[in-house]
Amino acid sequence: MTDRPDPDVDFDALLRAANPVDETRLRAPQDSPRAQFLFEKITGIAYSGSSASRPSRSKRARFYLAGIVAVAAAGGGISYALSDNQPTQQVTAACYAADSLTADRTVVEVTGAGAVQDCAAAWSAGEIAGQGPETPPPLQACVLSTGTAGVFPDRRGDATACAGLGLPAVTPPPPGNTTSPSPTTPPSRTTPPLATTPGTAASPKTASTPPSAPPTSPVPSFVAANATIVTRLAASCVDETDAKAIVRDALDGNGLSNWTVQVTVPFTSARPCASPSFDQSTDIFYIVPIPPSGPQPGNQPGG
Amino acid sequence: VSSEDIEARYRALFDQCHVPVLAYALRRAPTPGAAEDAVADTFLVAWRRIGEVPAGDGALPWLIGVTRRVLANSRRGDVRRNRLIARLRQHDWGLDTSDAPDEAIVAGEQTARVRTALARLRPADAEILEMAFWDGMPQNHIAVILECSENAAGIRLHRARRALRAELEKDPAEAGHNSGIEPAGERSSDD
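These protein sequence lines are chains A and B, in that order.
If you read the first sequence in our numbering, its first letter stands for residue 1, the second for the next number, and so on.
If you read the second sequence in our numbering, its first letter stands for residue 1, the second for the next number, and so on.
It is worth saying that the hints were derived from the structure and are not from the lab.
Heads up, a few of these hints could be off.
Computed cross-link-like contacts, DMTMM-like style, restricted to lysine to aspartate or glutamate with a CA-CA straight-line distance of at most 20 angstroms [to be verified]:
| # | chain 1 | residue 1 | chain 2 | residue 2 |
| --- | --- | --- | --- | --- |
| 1 | A | K41 | A | D252 |
| 2 | A | K41 | B | D37 |
| 3 | A | K244 | B | D41 |
| 4 | A | K41 | B | D125 |
| 5 | A | K41 | B | E109 |
| 6 | A | K41 | B | E150 |
| 7 | B | K170 | B | E109 |
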């Protein structure tokens, strides 16, 4: 007996067949949360894939980029009070294509204009899944069970979309910080949507939660720590050393000594300012180097 | 060049090359985790040196060259052990995917013989064969990675094929192995 290769077998085919890894079965970054997380850790930039099938509630989605947080803080988004009628996660919002929790949705950054305005802009830009550019319908912001704002078409225009879904409506912010939709003159969007996710039976947590589920209670200690950090890091360009101290102090001061602080990538002259982000699944607070908010001194990434 | 342009370029590079770089690393690293570490190091280097990454088709061999050096550095301390573990793990992956990305492990008697024969070759011969037939690299890419001329790469590939064929034609007993992994430690992974 022999286990030698058949001499008639094509040598090259035999060699290829011994390949230990089938590359075609590896996931492309668009479909790989691990790859996306790597991208974000290296660059400090959200992996804003364009794939419509990209999951929106992956570990990656919990890695909130603090540049966005800083923008929200500077623009007033952080001024939301903490209550059952306010999102506890104010970095992103989910724009639903229909008044259903299982409808297609697009995740956008929340700017100072507010979730409703941001979603209205996404409607106008044709970024809502399955929709072309169109005048946004009346919209209403609700608090999803995850604490994120979900913005739904309010087809009847009587602010009943949230009630119809069993969700609390987001309380309008104080005067001077209006988020009333302006269907005919939506604000222009300067950032693309973070993700677009079709609503399916296997939808992530946000969409599959029964409408009657109550909103998640905020975790005061973390919210307080995060608010402190965001406020302090957004106030000026804070370097790495000071940022570490600020984050550590804020975490410890709010009973979160078990959290660790990590710097995602080295600070450079092009990215000298600290910006916070966090991953609640691992209790890690990240410090992300970003360019100054003013004119940028350089364009070269990395060190 | 604006920072947005750089970020867009890096994003395109990442999207296009992550899978082939990961596959390259998985084929050679002792564990899937080590492969992912090598991929992370590779793309961190690329981010820091984005201005040096060739445009177009030249990007992938540049990245693979980085991965190759990263892997060589990581295993330099214990070449024999790592190579043996690598061969063993390649068989394990099909059973335990808890720490592995999606990959397929091709088994079979002839496959095991080919892998064993590869493990008995000179490292340089095995490496160039693996690049050509596993990674699917064209000769010009191999030349970039090995830092030689395209002609030299072609000659090395020809010699390596001949060496493998001779190894496969040996009697198993003569080749001195039974399990298909025993001789693996004889290979040095460093050129």
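Now the hints, each set against the structure:
no.	hint	result
1	A/K41 <-> A/D252	24 angstroms, violated
2	A/K41 <-> B/D37	13 angstroms, holds
3	A/K244 <-> B/D41	24 angstroms, violated
4	A/K41 <-> B/D125	37 angstroms, violated
5	A/K41 <-> B/E109	42 angstroms, violated
6	A/K41 <-> B/E150	37 angstroms, violated
7	B/K170 <-> B/E109	15 angstroms, holds
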